[in-house]
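Q: The primary structure of each chain is shown beneath.
Number of protein chains: 2
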Amino acid sequence: MKTEVNADVGAALAAIEGRPLRHVFLVACGGSLSIMHPGKYLLDRFAPDLPCDLYNADEFVCRKPLRLDENSLVILCSQTGTTRETVAAARFAREHGAATIAMTLEIASPLAAAAEHAVAYRAHYTTGEKIDAADSNYAVLYMLLAGLLAQRNQADLVPALLASLSKLQPAIDKAKLAHEERFATFAERFQKSPAIYTLGAGPDYGAAYSYAICVLMEMQWINSQAVHANEFFHGPFEVVDKSACFIALLGLDETRRLEERARDFLLRFGDAKNILILDAAELDLEGLEDPFRALLVPLIFFDVLWVFAYRLAALRHQPMLEGRRYMKQISDY
Amino acid sequence: MKTEVNADVGAALAAIEGRPLRHVFLVACGGSLSIMHPGKYLLDRFAPDLPCDLYNADEFVCRKPLRLDENSLVILCSQTGTTRETVAAARFAREHGAATIAMTLEIASPLAAAAEHAVAYRAHYTTGEKIDAADSNYAVLYMLLAGLLAQRNQADLVPALLASLSKLQPAIDKAKLAHEERFATFAERFQKSPAIYTLGAGPDYGAAYSYAICVLMEMQWINSQAVHANEFFHGPFEVVDKSACFIALLGLDETRRLEERARDFLLRFGDAKNILILDAAELDLEGLEDPFRALLVPLIFFDVLWVFAYRLAALRHQPMLEGRRYMKQISDY
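Listed in order, the protein sequences are those of chains H and G.
For the first sequence, counting from 1, position 302 maps to 941 in our numbering; every step adds exactly one.
For the second sequence, counting from 1, position 217 maps to 856 in our numbering; every step adds exactly one.
In short, the hints are calculated from the structure, not lab data.
Just so it is clear, the structure is predicted and the values come from calculations on it, not from any experiment.
Just so you know, same-sequence chains aren't split out, so a pair can sit in one copy or run between any two.
Below 25 Å or equal to it, Euclidean Cα-Cα: the simulated BS3-like pairs (lysine-lysine) are:
#	residue 1	residue 2
1	881	967
2	831	881
3	912	815
4	967	769
Assemble the whole structure, with the sequences as input and the hints as a guide.
A: This is the structure we're talking about:
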């Protein structure tokens, strides 16, 4: 089925059409913030006149960037639409006159109510139902950003995006299948490691970040860090020894050589048995078109790595979604 | 002694005076990148017309932001001036017509040669000699940025900066003394921990970042991560138990309440014996003026935490500067 622009996205973009914009702020927390990294990457590469910042929602409110005004667009995201800091950030942005668009699963949520415009997406993560990745947070964010660039005559990426999104779910399904065997092997090796690091650069950094903080730390209580693939060489690589466990992401974007260099170092000084490499060049990405072929890789990696997380969780006897002692267990912090 | 603007800074600023600028890029690797976080914080808060990005140097070159052009200022930093990625980034920026200013200890270095303008600073870290913090990387970076804002009539912060810098070293010395006893106690408790996390927000995030990657990981091979004080609540906090070791930074800037919230959580669900709190509100910062009172806190924290690192190193029998197996030990990676 051919993917079309999400109706909420179309409405939000139409509403801001005549509005002069000079800055885009991407604002969220945790996993929802992680998708903003590839969003910024897209704008950095294609928007000559829309500088872009991404901030944790509470940092954004306290920092109060001076450029936040009626010429700003603030895009916010929260799965449930209830993340307090993000709701507060939407209100804060509106008070400063900015255009606000909220992305959320719940169109009847506090975040959707707080922002001027709301865009719904879908996730199998919370609902358990099977969704098409063309309806995911990444898809909707790219529709917003590519639509914005088209509207402002800064780049014409919407056709390539829609064509790519219509082929995305099959690519993810094939990538999951392709990794199953390797994941079983690596879960055995990683299960007792005191730390598991994730490595990535460019848009992939977002996937590395959410996997480290929202999966390994949050759901499995494993020490972790998302290490930028070049920053790796300026400190973090000193923890590498034959027992160190790393997940190395290799994407298809312009920063791939940073990731290759980190992988090569890991294979040389670590033990290949403890280096789980996800290489997008080995995937069947039929139908994904530039630049989204590279920009959708982090979503593919993240979805694929969920399978690995469940493997780890089973061996470690720590269930995934129930494996939280604070988040959604207590509320007064 | 009254601090004056570094002569190199004055010359660099004079050279770009007539130049139209519409974007500032802060570019470096590792520890030198860490100081760019408070630099961006300063511009975010005070520059209405200078959007600012900070990038790892190799990410910057590969990402190739579309806004990089003859209307850009690129400020780069490398202690030795030999960091390959940063030297390449300086060349790359010049090829794109940008104004380039390199900060380095070594005015006769490849980085200084690659950039249009070079600014020397001093560090006790590499030379072992006692320096005045008014000559440090932070000091020089703030002179550049405050000078730029003054030159562009965007803010007049230079007098407050110079007044603050003249009082900075005594503040650091007092802060070190004030922490000595606590550091001895906490080094005992932290020495065998499988991981030590550092927490901070706003400008302090830079200090947390460099301490995690350049000190704990690089020199002590301890698993670590710099956790943003609000992102903490969106995943990382699930690793907290009574044995978890955290260093919590509490600054004086606008994001302090994020740091206070993280501290309160740690004291409630962790064990206070394993939560090392550095609170700038307890320090004697006589003579430091707004906004630099808050903006110099990360430098104070970082310098003070060196003392803690040496304490840890002694107990762990892993010498600090000799404690590297790859960096400066091998060169072909």
